[in-house]
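A.B. asks: Heads up: the protein sequence lines correspond to chains W and E, in order.
With my numbering as the guide, the letters of the first sequence map in order to residues 1431 to 1798.
With my numbering as the guide, the letters of the second sequence map in order to residues 137 to 319.
For the record, the hints were derived by calculation from the structure and aren't laboratory data.
Careful, some of the hints might be misleading.
Simulated pairs of lysine to aspartate or glutamate, EDC-like, Cα-Cα distance not exceeding 20 Å [stated by the list, open to error]:
no.: 1; chain 1: W; residue 1: Lys1796; chain 2: W; residue 2: Glu1759
no.: 2; chain 1: W; residue 1: Lys1573; chain 2: W; residue 2: Glu1759
no.: 3; chain 1: W; residue 1: Lys1491; chain 2: W; residue 2: Asp1452
no.: 4; chain 1: W; residue 1: Lys1775; chain 2: W; residue 2: Glu1742
no.: 5; chain 1: W; residue 1: Lys1574; chain 2: W; residue 2: Asp1628
no.: 6; chain 1: W; residue 1: Lys1779; chain 2: W; residue 2: Glu1742
no.: 7; chain 1: E; residue 1: Lys205; chain 2: W; residue 2: Asp1790
no.: 8; chain 1: E; residue 1: Lys258; chain 2: E; residue 2: Glu227
no.: 9; chain 1: E; residue 1: Lys169; chain 2: W; residue 2: Asp1598
no.: 10; chain 1: W; residue 1: Lys1796; chain 2: E; residue 2: Asp188
no.: 11; chain 1: W; residue 1: Lys1477; chain 2: E; residue 2: Glu277
no.: 12; chain 1: W; residue 1: Lys1440; chain 2: W; residue 2: Glu1759
no.: 13; chain 1: W; residue 1: Lys1599; chain 2: W; residue 2: Glu1757
no.: 14; chain 1: W; residue 1: Lys1751; chain 2: W; residue 2: Asp1598
no.: 15; chain 1: W; residue 1: Lys1796; chain 2: E; residue 2: Glu186
no.: 16; chain 1: W; residue 1: Lys1504; chain 2: W; residue 2: Glu1627
no.: 17; chain 1: W; residue 1: Lys1574; chain 2: E; residue 2: Glu277
no.: 18; chain 1: E; residue 1: Lys203; chain 2: W; residue 2: Asp1598
no.: 19; chain 1: W; residue 1: Lys1678; chain 2: W; residue 2: Asp1651
no.: 20; chain 1: W; residue 1: Lys1678; chain 2: W; residue 2: Glu1667
no.: 21; chain 1: W; residue 1: Lys1477; chain 2: W; residue 2: Asp1452
no.: 22; chain 1: E; residue 1: Lys169; chain 2: W; residue 2: Asp1452
no.: 23; chain 1: E; residue 1: Lys258; chain 2: E; residue 2: Asp216
no.: 24; chain 1: W; residue 1: Lys1574; chain 2: W; residue 2: Asp1718
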Amino acid sequence: MRETTFNVSKQEMMILFNALIDSGYDKNLQFSVPLLNGLILFKFHLKGSGAQVLNFVVQQKYLECYIPLAKRLKEHTKNEIPSYNDIQQSFYQAGILKPSGIEQLEDIFSTLRNQSVIRGGDVYYIALDTNLLRDRFFSVYLKKIPSHPNLDYILCETVRDELKNRRDKLNRNFLQTITHLKHNILAGCFLNQNCLEDRMRYVGFLEYNNMRAATSCEEIDAQSRKSGRLNDEIILEAYSSFVDIGRKVIFISRDNEAVRMMTGEENVIPILLEHESVIQTNFATAWDQFFDLLYLLSILYGKLNLIVGGVETGSLYGVWKGKDVQEWEQDRFLLEIFRPRDEDKDEMKDYQFVVTALKDNLSILKQL
Amino acid sequence: MPKKSSKLIWLTSMGQNMYENLNPYWAYCERFKNVPEQIALLHAIEMNAEKDRTVRAFSIISGQYCKNKQINIAGISFDDEDVRGFSEKAEAVFKKASAENMKLIVDVSLTTWSFVPIYLMKMTRNYHNIVKSLVYFQYSEHCLRSRPYPLIPRPSTTFHDLLAESGKKDRKEQVRCAKQHSM
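This is chain W alone, in the form it adopts within the complex (with noise of 0.2 Å):
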């Protein structure tokens, strides 16, 4: 590892931009991305609260740095190159969007906590779709509200099944087809790491195990066939065998189909989410948002380049060569600061102090 190479968590993430606040530069930072030729993805001020977040890029600009490039591509490498869909599914994973629809599952909510615990009355199960642990809406939305002893969580094993499936590792041959990047950047990246649907994919399965650690909810056995279809209908199946006296399902899904299947199932309260078409360019996040979308962002591209005074500053890497299973539980960076020109006297005495911050207090915390 290099010397300006830190390996950090979401969290100690704060240490490089308290860095950059002591140093003066808490205005106009951007992230810009390697894989789609430097295009710059968003501007940044850095504030108490957390970070606002200025001049997103739009969908149509986006597009215009896009549809070249995966005209070049051939059709399986093209998959690699992260849509606009994409990003805009990562505000939602962030909990900086809220799906519509959510206000039925408020108000459900509303109802239980006005429910008399002494007597009784029904338990209601919450159950995601696929979907949504792939969104992390336990993590973003759900387990933030109060518990309640009648409410509780159920997932079917059906759905880790499918959250487990894997479809290819990046190897060097593939990693070959892809030419408007140098391919050392690329294999530093990518080489022997998951392709960008099994990465989305794993968000997804985390989420469903750390939805099983943090709550004690039930588990349905049930199998799992290869067909996306038959398992839909397993997972349906399984949820709406589950009810009993005193028992409902609340099934949260982003699939109208999957929602209608089970409208008017006994005990069943189907709920529909959906992701807005359009994203705001101008918003303010909470730290923890600012810092999972980073992570998102960074797992969909691979690298971010931090851009600090007009300067290219550093790289934060979601992905890299060798990153390990425990890496990726722990979701962790690794974030490298570029040493300027040591004629550079300004630069470099920031360079310095970003770096000693970095390793006095990520060697203090992991002692502690």
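Using the hints provided, position chain E relative to the given structure of chain W.
C.D. replies: This is chain E only, laid out in the frame that chain W set:
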């Protein structure tokens, strides 16, 4: 007048969690790239286990910012229902500093029994010539007190030196009064 001395004692008392103790010290070390020669940690008798953990953590932070300096970290136990006993033990630290020609940095940021900061403030006044700083580390939200210093957003904390601040205010007040008299 005491002889000029650069040797320092960091005086603090156990808070509700370890980071309440560490954070002001951590911020001080990072800011001044320096560590004191001694740390005196006042703690209730029954907080022995937390005290050991906190002493170890103080030692880790000190070692990071000053690798070659030997730091003496002393735990001083007191009975939390004996105000007079606390006062005597705290005063002993001030007397020791005075006798050894050392300066004190007194941290009153902790969530603790109300008599603790009252007595520390009282002694700071009585021994003002050996107290270098009276530190209050302010958080924008109470919950941040349990988070390690480097993981707290910088704008959410303020490192106050209450002595320096009150000195400034006093001087401002004197200037304001002088102006009023001259009008």
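A.B. asks: Any hints this thing doesn't respect? Which numbers, in order?
C.D. replies: 3, 5, 9 and 18
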